[in-house]
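Given next are the chains, with one letter for each unit.
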Amino acid sequence: MRRRLPVAALLGLVIATHARADVSLEYAVKAAYIPKFIPFITWPDNAFAAPNAPVTICVLGPDPFGGKLEQTAGELKSGDRPIVVRYLPAPDASVSCQVIFMGKGDEAIAEGALDAVKGKPVVTVTDSGLTAHGMISFVVAANHVRFDIDEAAAAHGGVAISSKLLSLARAVKPRGQP
Amino acid sequence: MVSASLALAVNLLTSPAQAQSVNTDIRQLSIEELANVEITSVSRRPEPLAEAPAAIFVISAEDIRRSGAINLPEVLRLAPNLEVARMNGFAYTISARGFNSPESSNKLLVLVDGRSAYSPLASSVFWENLNVPLADVARIEVVSGPGGTLYGANAVNGVINIVTKTASETQGALLDATAGTADMKVMARYGFTPWQGGSLRLYGQTSHTNNTSPLAALDVSRTAWVRNQGGFRLDQKFDGDSLTLQGDIFANSTPAMALEHARGYNLTGRWSHALESGSSLEVQVYSDENARIQPGLAREQLDTQALLVQHNTALWWNDTFIWGGEYRHSKEAFYSSSIFGFANPVTHLDVENLFAQDSFKLFDNLKVITGIKIENSSFSNVDFMPDLRFAWTVTDNHMLWASVSRAVRTPSKIDRELEAPGLLLPAPRFHSEKLTAYELGYRGQPLANLSLSVSLYYNLYDDLRTTFYTPVTIAPVQLRNGITGDNYGAEAWAKYALTGWWRLSLGANWLQRTEHLKPGRRDLTFGQSLGQDPPYQAQLRSEMNLLEDWEFDAALRSIGHVKARDATTGNTKVLVGAYTEVDLRFGWHATKTTEISLEGFNLLHARHLEANDPSAYAPQYVPRTFLLNLRQNL
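Chains V and S are the protein sequences, given in the same order.
The first sequence maps to residues 1 to 178 in our numbering.
The second sequence maps to residues 179 to 812 in our numbering.
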């Protein structure tokens, strides 16, 4: 099932058994990804209330990251803008979000939220396992967390995603495609 | 298998109880590195990798790309626990913890996907022919210190373990083309899925490296190097089983094949099977045949077939037990036209070994790893290579480790059978060189954005090679085991993430050597087998992600002077001066599939010297070079 890793073997670390997904590790990786997307994304000026307003990551529904997202976000900045995290129990139009994450909770809530921000400069990030896909959708493939990008949806919302980030995506739905 | 990049894995814990450490470490990874984190825990019980008690430096695929290097030895300069010296257009000499020179760098084992690249005929690694396609390398694990218990003989001072990506990780087409002031290289690869559950990649690469300028006016050797290589890797997954078949074929030469040429091929098959009990079995076979020809001087042919079996299981409820064995057969043929040659040009070498290692927790925060390898070679007697290691997890972010182990360098055909009428007698009694090593180390994260590794070692060598008169004659001379050594040193490296877009890496090593002739022994070559080592090496690397699509990287390395005894006069002198060099790289992700980079290597000086041992090749200078690289994914 798995290959030998001699150094790990040297260190007595290898025991290949039935694979078991480690949920905490998966979400630690996802929590590290999200704030790191931000430097590769350009929002129109009207996406922010003020020139120095923070980039707000909103987590819709229950927090699957166990607070880890705030730790990563706190260490990063986007230009002069700090990155902050807000938790929204339900979609809330009064909160200005530049990034919104939709977890694996209720499919209908995710779809509703995607519809609500369609065409707006809000980067939608959907968790793996959801049928609904945001501009960035996480994918768990061969035990690795990867992501797909819907560049068409981003362009529709007036958000520019750098080619570097596109090159790191597993799959990209290019601009101009329905 | 825990195949997260070990740069991460060094501190990666898969235990939820210690999730805090995981997170601080994962937070520092780049997006590229995050994509490589395996999120499946494969330990039968969660196993903190932070407890890995050895001096390991891991070079990730991303590190390789950002180094801008286009050949393996240049990539290995990233490892602070290696000495890398370029000798001329094609030849390099590489070692860990001392003994670096073409003749003496015989204590470092190199594996490519489990296949040994160490020549038992010459006790050496021919780096110019180890042309792994760099874009397909998943990571390179560089272990300094003995690895004999699992790897076997000749892993005395270190092991370099090169792991390539699976075929499923290299799907699609890639064109990687480089042109520069001294080099040209084109690599193309295509990966696809020929059938359900299988993936295949094919690659080809060709490169040319220019001549280097000689130290001595009389040196007219042309050491430019042309390499052509192709290969494939097929990975097939079944339910609970995986099968890999991979191979390479190459032909390399100096211009007009005048000085040297080499050709060869290898084929490896590997089968992993998960057993019902939760343990696993792995079987690997390989065949490796290659020829090196120095026209008018020598021709050697080395054909090796090997079978390895390994069983990963548990002896009781909370340990990890690995045991297995290996059989390796090499046919070594060496035909010489000089006076140095072999009475019997063809030798068969048989190596058999058995090993076992158990890893268990003595206390909750103290892990013990102990094992032994027993190896028999038809060239030496039975050698025992035991190993005992402790890992003490002081807190989640700090780990201390200690080890004591024994390793051997087994005699080669050259040690035992090389002769020259009137000058050198064969040495049938030449036996293994031995090392007992004591190590102490620290690894941890003193700050959230700083990871640090420090290792100290004390190496006691015995029976190192000497050359002296035979008991009954004045000349010829004979190789003997006449030197003991006690060396100690330190290695340290750190990674510091200043911001999300700027990362610094610092690395250094320091080596202090003393060697003594054993009672009644002398050495006519004044310690040539001890190598030529700088007392210190240091490097600083900076990686910046500027704007959104630009990368700017800089590397500074400073190497101390090499002082050694002259092989003929015995006078101690500086053979290679201390030097400091700088490499710079600009990278631009022009589109999501196109990357263009410009690199400058050794920018501070027009040329510098890295090695000065005329025993193999006349010493030549390493030039300043520039490269332009285009990497296009299709």
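Hint data in this document are derived by calculation from the structure and do not stem from the laboratory.
Do not take every clue at face value.
[To be verified] What the simulated footprint calls covered on chain V by chain S, stretch by stretch (three residues with Cβ under 8 Å from a Cβ of chain S suffice, anywhere in the stretch; the number is not a length):
1. 25-31
2. 58-64
3. 69-77
4. 90-98
5. 118-130
[Said to hold, decoys possible] Within a straight-line C-alpha distance of at most 20 Å, the following computed DMTMM-like cross-link-like pairs (lysine to aspartate or glutamate) qualify:
6. V:K36 <-> S:E729
7. V:K36 <-> S:E211
8. V:K36 <-> S:E467
9. V:K77 <-> S:E729
10. V:K36 <-> S:E693
11. S:K612 <-> S:E530
12. V:K77 <-> S:E726
13. V:K36 <-> S:E726
14. S:K509 <-> S:D419
15. V:K120 <-> V:D92
16. S:K343 <-> S:E211
17. V:K36 <-> S:E240
18. S:K509 <-> S:D536
19. S:K673 <-> S:D744
20. V:K120 <-> V:D45
21. V:K77 <-> S:E693
22. S:K673 <-> V:D45
23. S:K673 <-> S:E347
24. V:K173 <-> V:E111
25. S:K343 <-> S:E467
26. V:K118 <-> V:E107
27. S:K415 <-> S:E467
28. S:K673 <-> S:D361
[As the list claims (entries may be wrong)] Here chain V is said to cover these stretches of chain S; the calculated rule only asks that three of the stretch's residues, wherever they fall, bring their Cβ under 8 Å from a Cβ of chain V:
29. 519-528
30. 677-689
Ideal placement from N, C-alpha and C gives every residue a C-beta, glycine not left out.
### Task
Go check the region 677-689 of chain S versus chain V for me, would you? Three or more residues, Cβ under 8 Å, otherwise it fails.
Coverage by chain V holds here, the residue count being 3 at a Cβ distance below 8 Å.
### Task
Verify the proposed pairing of S:K509 with S:D536, using a straight-line Cα cut of 20 Å.
34 Å, violated
### Query
Are at least 3 residues of the region 519-528 of chain S within less than 8 Å of chain V when you compare beta carbons?
violated (count 0)
### Task
Apply the coverage criterion to the region 90-98 of chain V and chain S: a residue qualifies when its Cβ sits closer than 8 Å to a Cβ of the chain, and three qualifying residues are needed.
Coverage by chain S is violated for the region 90-98 of chain V (0 residues, Cβ < 8 Å).
### Query
Has the given pair, V:K77 with S:E729, been kept, meaning a C-alpha gap of at most 20 Å?
18 Å, holds
### Query
Does S:E467 lie within 20 Å of S:K415 when you go C-alpha to C-alpha?
28 Å, violated
### Task
Starting from V:K118, check that the Cα of V:E107 is at most 20 Å away, please.
With Cα atoms ~16 Å apart, V:K118 and V:E107 stay inside 20 Å; holds.
#### Entry: Hinted pair V:K36 and S:E726, Cα distance within 20 Å
The hint holds at about 12 Å.
### Query
Does the alpha-carbon distance linking V:K173 and V:E111 stay inside the 20 Å limit?
19 Å, holds
#### Entry: Holds or violated: S:K673 to S:D361, with C-alpha atoms at most 20 Å apart
31 Å, violated
### Task
Below or equal to 20 Å on CA atoms is what counts here, so check V:K36 against S:E240.
16 Å, holds
### Query
Given the proposed pairing of S:K343 with S:E211, does the C-alpha separation stay at or below 20 Å?
Roughly 14 Å between the alpha carbons, so the hint for S:K343 and S:E211 holds.
Of the hints listed earlier, those the structure fails to meet are numbers 2, 4, 5, 8, 10, 14, 18, 19, 21, 22, 23, 25, 27, 28 and 29, in rising order.
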